[in-house]
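Asker: Each chain is listed here by its residues.
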Amino acid sequence: MSTKRARLVVIGNGMAGIRTVEELLQLAPDLYDISVFGTESYGNYNRVMLSLLLSGEKQADEIMLNPTAWYAEHGITLHAGDPVVEIDRARRCVRSSSGVEVAYDRLLIATGSQPIVLPVPGCDLPGVVCFRGIDDVERMVEAAGIYRSAAVIGGGLLGIEAANGLSRRGMQVTLIHRSHVLLNQQLNDDAARLLARNLQERGLVLRLDAETVALEGGERVEGVRLADGSRIDAGLVVMAVGVRPEIALAEASGIHCGRGIVVDDTLQTYDPHVYAVGECVQHRKVTFGLVAPVWEQARVCAAHLARFGHRRYCAAETATRLKVTGIDLYSAGDFIGGAGTEDLVMRDPRRGVYKRLVLRDSRLVGAVLYGDAKDGGWYFELICEGTDIAPLRDRLLFGQSYCQSSIANLAGVAT
Amino acid sequence: MSGHVATTCPYCGVGCGVLAGVVASGAVTVAGDPQHGSNQGRLCVKGAALGETMGLQGRLLHPQMRGPGGALRRVTWDEALDRVADGFRSVIDRHGPEAVAFYVSGQLLTEDYYVVNKLAKGYLGTANIDTNSRLCMSSAVAGHKRAFGEDVVPGCYADMEQAELVVLVGSNTAWCHPVVFQRIVKAREEGANLRLVVIDPRFTATCESADLHLPIRPGTDVWLFNGLLAFLFRYGVMDAVFVEAHTRDFAQTLATAEHDAADPAEVARICGVQLADLLTFYRLFARHEKTVTLFSQGVNQSSSGTDKVNSIINCHLLTGRIGKPGTGPFSITGQPNAMGGREVGGLANMLAAHMELHDPVHRDIVQSFWASPRIAAKPGLKAVELFDAVLEGRVKALWIMATNPVVSLPDADRVKRALGACELVVCSDIVASTDTNALAHVLLPALGWGEKDGTVTSSERRISRQRPFLPSPGEARADWRIVCDVARRLGFERGFQFAEPHEIFIEHAGLTAFRNHAPHADGAPAARRQLNLGALASLSRSAYEALAPVQWPVNEDGVGTLRLFADGHYAHDDGRACFVMTRARPPVHAPDREYPLVLNTGRVRDQWHTMTRTGKAPRLTGHLSEPYVDMHPHDALRCGVREGELARVLSRWGTMVARVRHGGGILAGSVFVPIHWNDQFASDARVGGLVNPVVDPVSGEPEFKHTPIRVEPFPVRWYGFAFGRRALPTSGLSYWTLIRGENFLRYEIAHRERPADCSAWARRWLGVDDPAADWLEYEDQGTSVYRAAHVIDDRIESCVFLSSRHDLPARRWLASLFSGERLEEADRIGLLVGEPPGADVDTGPVVCSCFGVGRNTIREAVRVKGLDTPAQITAALRAGGNCGSCMPELRQLIAEVRTAPSA
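If you read the protein sequences in the order shown, they are chains C and X.
Heads up: the first sequence is residues 1 to 415, going by the numbering used here.
Heads up: the second sequence is residues 1 to 903, going by the numbering used here.
With the rest of the complex left out, here is chain C (with noise of 0.2 Å):
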């Protein structure tokens, strides 16, 4: 290999550093010479998919994305388990913990971000963990199989994926959320209580519109009390109550951030030699935790080390989608509406189906999808293009088939 290659630092193992590499091989493979620095001692995994390896449907094998032989494959060099403690902007160099010192023409920051803990006392006690890497994942299951009842701190995403998961693994799950809404990110007040009917019916106990002030145990956490007063036993509590972008490093060199590394639209920092992608950047004053726009921050600034410049990262909307097996959600764009808004209402309470599309001006701009979300990925569509769809209104909500006949019949009749 020739000396003369440019040398391209990624701080990060994770999904947002990787996706960027591998879409930086597929426009310039021969530009840089790489090394990847990563606090895990894995290869690359899929984040998205912890919950299912905590409810037993995944194995870690299963979860990978880049085993450490596509690494070599592709010449990169891995420091696994090794993170980064300083960057030297200065001399353009990082420094691992381990010591190691490797200099940069251009460095990728992609630390990723770090769950919150909540600051209550006890919040240090063991047995409590946070749901973030496979060691929380194998954390969790070795406490599942040793004690009866858990407690989860928090109803989003994660909370609700981590309850169902444990509950799999046969513990008595406790899930505590501050609002009445679950998921009160994604979903309105109909589907929340779809959802919490269904967790119930699981055996998770609900408990909304609770306030955890305090975990409480000895050696060992033993349970969590509540603002009122009541208290729930569990040997285990994970607390998925959000994250926070990961920037010590960055703003230890000097690097501007605000809640996360500030980037532009090329995700460049303040420091054109350094890039950062992923939950750990703040663009246009939003931080992310979803994957789809990681994927774009990715595509566009792989296309800017690749010094192409072609391409710019432009805020999209954004779908989620409940990853318990046995849940259909999604949600995706505004969902909640307001003036000059209009709905579209399905239920069928039934087959367990609330579907909610809100409307402003003839245009599809927000969707709930509960129960049956086969349709979501054809809303979001509709949602990121902007189409008009007056045609389409009386038939909108029942799914892109019932459109496509109405379609083909309008068309048919035309010809």
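Do not rely on the hints blindly, as some may be mistaken.
[Said to hold, decoys possible] Computed spacing ranges between beta-carbons, pair by pair:
hint, chain 1, residue 1, chain 2, residue 2, range
1, C, R197, X, W813, 29 to 37 Å
2, C, S41, X, A876, 33 to 41 Å
3, C, D264, X, A826, 34 to 42 Å
4, X, E860, C, S41, 38 to 46 Å
5, C, D264, X, W813, 53 to 61 Å
6, X, G844, C, R197, 42 to 50 Å
7, X, A826, C, V286, 39 to 47 Å
[As the list claims (entries may be wrong)] Residues from chain X that keep clear of chain C, each with C-beta distances beyond 12 Å, as calculated:
hint, residue
8, W77
9, A85
10, E208
11, R283
12, K378
13, H569
14, A772
15, V846
16, R878
17, A895
These aren't lab readings, by the way, just hints derived from the structure by calculation.
All values derive from a computational prediction rather than experimental measurement.
Beta carbons are placed, not taken as given, at the ideal position from N, Cα and C, and that holds for glycine.
Dock chain X against the given chain C, drawing on the hints supplied.
Answerer: Quick look at chain X alone, frame taken from chain C:
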């Protein structure tokens, strides 16, 4: 079909033979009787659907009487009959026999008719017995009597097949007498050189097959036929020998015709047709010796109906085209036994057996034959006058049999008021709920078709048996028996001791033959009548049971008569036929600024009268399901109404609401409304309420075909429909129509106010109060669309669709769901769309749930496009392009397709 019974269809006057039977399941099967001369095996859709109308749902099965509170209660026959007899006797005692009346029906059998006529005219001594045939063919009766001296249809259906020219006047034969029409069409198809001319203000289904359609202005028929008479005479198209030998009054009749209509150009102008078309018709008539002029309600239901009939007959007399094969004026009647009723004298201006009230000889003949205590001497009240008399209190007890005058009479709201004011209203019916029964004090359950036993006479004088093949349901009794029961209670033991219809029939046949000859020198009163069934007067019971269809008069050998007047001998005293002066005159009420349009009424193809039977047959409700007002688009525009929306139709006499339709066959200035719908089937669709109570001065037949009206928008906020397995409440709805289907009732509805909460409203309306009910719904508030369905145990129970617009989804597929035992899961989704899920390819179980890509879709793509990697699948189908959770499945699918043996 084993063990079938040969009987006769109970609908129109064609009188088709039907083979009916009951299969093991209890269902009634029907087929056309190939042996029957009228239909030769054919049936129309109404006849073919007879089996579907036989269910006992809605039947009146027990006598009922209205209590002081207005509620009906079940009573015994004795109670009911005593009440009727006491009521009639009391009224007669106080006010005389003219204060009681009977209003009967062309649906009755000849035997029923005979007995009630005998009771009224011979025993009570009143001629106040009229019939709904008054509304239908009394102008033809009057015309026949004026021209021929007796009410005789000279020809037969075969004449229409043998003719060179068939002129249909005021008859939508294709819809109203389909089997006769099929005979004409078939004759044409088989190469007969048969021209067809239709004279009708509307372009009807009949006109589709016509060589010429003359859309004359409503009510101008007399000008047309006077013009024809003058035209024929001018061009020498005349059988001078016939006119000279067998007719009278020709000169003045011709003078009258020429006075009105000597100039075809003027006739064309008055009739509103092109001169060239008019002349085409006149020339066709002139050139074809074998001409049949078939006429129906468009001629009869007019204030100059009798003159219209005679103006037609005049043309046939002029040309001698009568009594010969392929010729003749032909009145086709609307009801199965209008003719039978005429034969027994069941009209207020007839006596019995074609004898006249005003003729002392006739009265003597009849009274002697009956040996009755008295005989009515003056004509009774004809239908419209009869109900006027009821309203004015001159008639205080009224017995209505097998008809529904609150729906069918003109100015029907007045009829309603009349019945409301009447001391005693008795209704014999087979159905419990009708608009008329709602006003009855006593309801008597009668036998219906398939249960009753007797004879009917068709339009071609063919007497056919109606035979029972079903047991009598509940406590229902034959009409003749009910009448005899009451007669005996009134003290008339002797004349009403009939044990069975056979005895009545032979008495009737005997009366037709009684002193039926020219007066002898001995001076015993006698009179010749064409109607002579003498040969049937000695029929044994078994011969009556087995009686084959026969056209009267019947000679000594029991052989019928195909055509009358072949010998040129008519029933007038001098044996001649009469030309009748017919002075053309317009309908009584002309349209004006306030009521600028002309209302025409009539039947639709698949319904019958007030729908008590046809309304039960799902097969018959699909053709035209809702009451409608058919109008020209220009008129609709001027009235501010739109097709598919609702309109109010108003005349000086009443109003109704119906859906606007542009059938395409209506002249500007005219509208058409069907006669069938009533309060049992719609909120406000009784067209009878609008019709002017104007009658023909001779026949007393109402002018149903010409009432000035106007049309206004009927503004509603929303339209909708519902299907239910059970009846739904209709109170509080601005508009509703009920349509019975296969295992469901359908309601078309509209309302002025939109409910604030559609879901709550729909649940309340459909009666779904259980919050845990299987209730699925869809709402689009922006366009005011709401749809819901109620499912019980995976079976659809009801559904409702509401919208601010009237273009709701098609009803057909939803209707079909009610026939299924179990609602398929896929159909459940379609429930709220109103149509089945598209027959799209089965994409298989979802693999990529982010983009909803199915297993089969992926396998197909891998196979056809030769995809090797998950990334290629993502590029092609987007599957796996978001969260990537399905990558393992994608790899596995690639492997599967690779290893699968290629098909």
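Asker: Compare the structure with each hint and give your call.
Answerer: Taking the hints in turn, this is what the structure says about them:
At about 32 Å, the beta-carbon gap between R197 (chain C) and W813 (chain X) stays in the expected band of 29 to 37 Å. Distance hint for S41 (chain C) and A876 (chain X): a CB-CB separation of about 36 Å, consistent with the stated range 33 to 41 Å. D264 (chain C) and A826 (chain X) have their C-beta atoms about 50 Å apart, which leaves the hinted 34 to 42 Å range violated. Checked against the given bound of 38 to 46 Å, the beta carbons of E860 (chain X) and S41 (chain C), roughly 41 Å apart, stay inside it.
Between D264 (chain C) and W813 (chain X) the beta carbons are some 56 Å apart, a value that agrees with the proposed interval 53 to 61 Å. For G844 (chain X) paired with R197 (chain C), a C-beta distance near 29 Å fails the hint of 42 to 50 Å. In this structure the supplied range 39 to 47 Å holds for A826 (chain X) paired with V286 (chain C), their Cβ-Cβ distance being about 41 Å. Its beta-carbon lying about 51 Å from the closest one in chain C, W77 (chain X) satisfies the requirement of being farther than 12 Å from that chain.
Every CB of chain C lies more than 12 Å from the CB of A85 (chain X), the least distance being 60 Å, so the non-interface label holds. No beta-carbon of chain C is positioned within 12 Å of the beta-carbon of E208 (chain X); the least distance is around 25 Å. Residue placement check: R283 (chain X) keeps its beta carbon more than 12 Å from all beta carbons of chain C (closest about 45 Å). With 12 Å as the threshold on Cβ separation, the claim that K378 (chain X) sits away from chain C holds: the shortest Cβ distance comes to roughly 67 Å.
With a closest Cβ-Cβ approach of about 65 Å to chain C, H569 (chain X) is found to remain outside the 12 Å limit, as its non-interface label requires. Not every CB of chain C is more than 12 Å from the CB of A772 (chain X) (nearest about 8 Å), against its label as outside the interface. V846 (chain X), annotated as away from the interface, has a beta carbon of chain C within 12 Å; the closest lies near 6 Å. For R878 (chain X), the shortest C-beta to C-beta distance to chain C comes to about 7 Å, within the 12 Å cut-off, and the non-interface label is violated.
For A895 (chain X), the condition that its CB be more than 12 Å from all CB atoms of chain C holds, with the nearest at approximately 14 Å.
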